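A.B. asks: When you get a sec, could you build the whole thing from the sequences and use the hints?
4 protein chains.
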Amino acid sequence: MLIDRTDSNFSRPSRAILLFSCPDVKGIVAEVSHFIFTYNGNILRSNQHSDPETGTFFMRVEWDISEFTLPESKISRAFEPIAEKFSMDYRIEFSSRTSRIAIFVSKLDHCLYDLLLRNKEGEIPGEIVLIIGNHPDLKPVADYFHIPFHHVPVTPETRMDAEALELDLLSKANVDLVVLARYMQILSPSFVETYRNRVINIHHSFLPAFVGAKPYHQAFERGVKIIGATSHYVTEDLDQGPIIEQDVVRVTHQDSVADMIQKGKNLERLVLSRAVKLHLEHKILVFGNKTIVFE
Amino acid sequence: MLIDRTDSNFSRPSRAILLFSCPDVKGIVAEVSHFIFTYNGNILRSNQHSDPETGTFFMRVEWDISEFTLPESKISRAFEPIAEKFSMDYRIEFSSRTSRIAIFVSKLDHCLYDLLLRNKEGEIPGEIVLIIGNHPDLKPVADYFHIPFHHVPVTPETRMDAEALELDLLSKANVDLVVLARYMQILSPSFVETYRNRVINIHHSFLPAFVGAKPYHQAFERGVKIIGATSHYVTEDLDQGPIIEQDVVRVTHQDSVADMIQKGKNLERLVLSRAVKLHLEHKILVFGNKTIVFE
Amino acid sequence: MLIDRTDSNFSRPSRAILLFSCPDVKGIVAEVSHFIFTYNGNILRSNQHSDPETGTFFMRVEWDISEFTLPESKISRAFEPIAEKFSMDYRIEFSSRTSRIAIFVSKLDHCLYDLLLRNKEGEIPGEIVLIIGNHPDLKPVADYFHIPFHHVPVTPETRMDAEALELDLLSKANVDLVVLARYMQILSPSFVETYRNRVINIHHSFLPAFVGAKPYHQAFERGVKIIGATSHYVTEDLDQGPIIEQDVVRVTHQDSVADMIQKGKNLERLVLSRAVKLHLEHKILVFGNKTIVFE
Amino acid sequence: MLIDRTDSNFSRPSRAILLFSCPDVKGIVAEVSHFIFTYNGNILRSNQHSDPETGTFFMRVEWDISEFTLPESKISRAFEPIAEKFSMDYRIEFSSRTSRIAIFVSKLDHCLYDLLLRNKEGEIPGEIVLIIGNHPDLKPVADYFHIPFHHVPVTPETRMDAEALELDLLSKANVDLVVLARYMQILSPSFVETYRNRVINIHHSFLPAFVGAKPYHQAFERGVKIIGATSHYVTEDLDQGPIIEQDVVRVTHQDSVADMIQKGKNLERLVLSRAVKLHLEHKILVFGNKTIVFE
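Residue numbers (the numbering used here), protein chains in the order written: chain A, 1 to 295; chain H, 1001 to 1295; chain Y, 2001 to 2295; chain E, 3001 to 3295.
No lab work stands behind these hints: they were computed from the structure.
Values in this document were obtained by computation on a predicted structure and should not be read as measured data.
Glycine is no exception: its CB is placed at the ideal position from the N, C-alpha and C atoms.
Among the hints, erroneous ones may be present.
Output of the computed footprint for chain A on chain E, the stretches with three or more beta carbons under 8 angstroms from beta carbons of chain A [claimed, not checked]:
# : region
1 : 3127-3139
2 : 3224-3236
3 : 3242-3248
For lysine-lysine, the following BS3-like pairs were computed, each having C-alpha atoms within a straight-line distance of at most 25 angstroms [stated by the list, open to error]:
# : chain 1 : residue 1 : chain 2 : residue 2
4 : A       : Lys263    : H       : Lys1120
5 : E       : Lys3283   : E       : Lys3263
6 : H       : Lys1120   : A       : Lys120
7 : A       : Lys214    : E       : Lys3120
8 : Y       : Lys2120   : Y       : Lys2290
C.D. replies: In structure tokens, the structure reads:
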């Protein structure tokens, strides 16, 4: 059956997505595609990558499981022998499973609105189940979109208690992904560890240029002709995590710091939304401090 | 007094903006700048352009009037002799005067949200005083932003009555600029005439490629590798008005029409907002079927 | 053995590249990858695409044949049963086989220089074996790069004779690809038929905007804010062939036609070179009037 | 008389270009434009900029001197009183005066070819009078374009002697601008001082990211999604001089260091050529460690 051209994500067939990395040897693709064919799956999309330095092979394969002869719950077990044979580090995702998203904010609303609107339009999949603010300012936005808002103030003295509360909220809401939408607080190593490769931040510069605070002021001082924004997974090292997406915009001597901040808002919105979308579509593999993005 | 670097539009000094076109002769800049200096104005920004084909000179000059020795109400009269001497077609705008904006919509909300949010943030100046929809769907958005919404249905039979009602609403609200934010109706020549160079539309293609209906479908059929969006002033000829701003994004064979529509939404938002901002900052001169944009 | 990171194309292993289209059914990838594994090949890169409208499946797979147990000359025959089973339209290319390129020019040299320099640097693979000019002006360039140059004048009366001579030169030089590097002549349908999907042209506009002659003049007249260039396969319909690559650059009211021509030269160079490179790397499948580009 | 639309630089009228910076007070534009009008000049282009932090005003004004009643040789003296009145730091350039350019190279030829070809086409004005290489490899390129080539080897021991020789060559050739076209040597502070704001370098990264050696390797290690190139004036601090122009290109996990180097070559070419063109058109003012580029 042919898919209608104007069909949206929502009417697509049920799909499984396998992502893995393993030592690069012959026969991996043959075995994986044979597995899918054996149970009557139809491959919709497949991407590979080899890292010649470390001899590592990466693959993402997405297949139609609407006629698959294995139920979702048994696919992983059936695949296990292949994973073992090739020493794969793997995971299997299902389009039927809706990702649950929490957004952390402070006072700036541009990234928050962007995520909410794209989610509403279906561009960003998943369900935004929780908004946490260290300030109460953005509660009305959450209300308008009918999403629970929690005000969790953070001070140097209360940081660990605040994080404990946040982790509890995330856990109870069964959250898969945390998005820092211009959230102006640093997360502790234990928070990062709990949500390893599941916390996405937007940094308002073209990293690694202008790490740390006030990057637009730094860019203004240096007199650059292009400014950027960078979306990355959060690690223990500030602004050093694996980069998911970046983009840039031109500036001139006419642009004040205020102008750069305004131009940068567009970038921040776009770059963060793209990164979140890629993550939720299960298109990213993290390898060392880099990402492999199978677009 | 020096302006603070992080200062926003709102704290800028009072400014006057003179825009004109006239036959290109010597001495125009000297006379205009002397006029400003005579009354103790400080030129903040000045742009010129000459069209060699028609021998026409264009200029935009923006000056600080906080110490100007003429009140705003008398500047135009004082300038009149210079305008006559050089046969100028001119206008003078003041930063103290807030532009009044009406937005026309149908069912799609992405451009509407974008305009409302950028206006709220101060990126787009002016006051949005009115939203008119030929469908009632976007009334809740207007409500959330506390802007009056009027549902004016349009059918082939009622078109002229509907336009009469719209024109009445615009007139009563003293509207300066009409923005068609993916408004799916064609305006009559008399409407266009009434708001000549004051109605901005967003067309969802890189004009003049793909005029008319369903441009993304047309782009898909042709197999282009880049799609675009175009913001222009509305004239009697559909999709033929003076272009204000355009931008593009890459597509590949992987992109369905639905994907192009989604990618295009970002473009439409950005391109329309940029055009509206340029208009409201009085940076556009229309000349024939082209625009001179003094960025 | 790991490949050195700064390794160039020249030291890459011998590779085979299979390209095909066929009706979309289950099991294609499994069978193809099993074939490669059976003869001890290592898949380096694989791309698929499904066209939902026509139910067509497309694939490109590139594999290391340095330890393949079939010689190059026998691979196609061994693959034949699979091709028949799935009703594939296919071809197999080998990295060991150097493509032979002819460039057609008139008087403009910017695209010619660009192709010659990129070829010399190894960015564009293959061997440029022939340059044909309908004017003699660019012979010194050909001489500098030690490539045979043939002056084949074309007039309305001598067109068919000129083409016969060109076809003879191409045939004797065993040419695989003809690049029209701003060649200002139209090829006859029989020429196009002989080199179907093997003649690449650069059109100096963002097609389908501004087909035909003097596109920069047309763009100037329309007052567009962005100009483009388009590389496409040549078909019987002027400027209507399958698009391979496009790119754009911003222009303003300050840009005269002469400025647009100058800005456009950069685009033409880049877009033509990218298209030629993609073709020579066997990354393009033509389907109807579109291209599938497996980057 | 109207200028033909397809007219090139070469047929433009004689022009004078005044560039200055001074404390920002009222009346500067009026006085400068009056000066030009007094002697029967026609302003073709004028740009201003104010730096609010330091209260500095910058201006570039270009005027037609074909009917100017002062000869070129007397313009500067006549302008002197105005310059003194406003404490201007100024210079006056003339389109009749051809800039003399030296290019320094090592072994890479892509930037050299680009500059030579654009100069030949008239895109980059001026005369390239000298090519100096610390290796002899690119002499044939210089020969092809009929430009004197000097091989000046540089070793740690002979550096100062080599520079003395270079300075002598530059001085004898009356050179105005030195372009480092991927020249792999550091210039001494005294060389920099002699040609202050007249030595343009291309750095193969998006500065200030990846200063120093092997920026593409650094970018590869960090896993950035965008690489860049930066053209700047050379100062005593390596890679820290005033930035003139920057541009970027996307990379993915598929790009090896070799791929980045290849993609980067395009950027380097474009960015260096644009910077050189801007300099030679007298469109750049250096202020502190930044540039004001009046495009």
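A.B. asks: Okay, which hints does this one fail, numbers in order?
C.D. replies: Structure breaks hints 1, 5, 7, 8.
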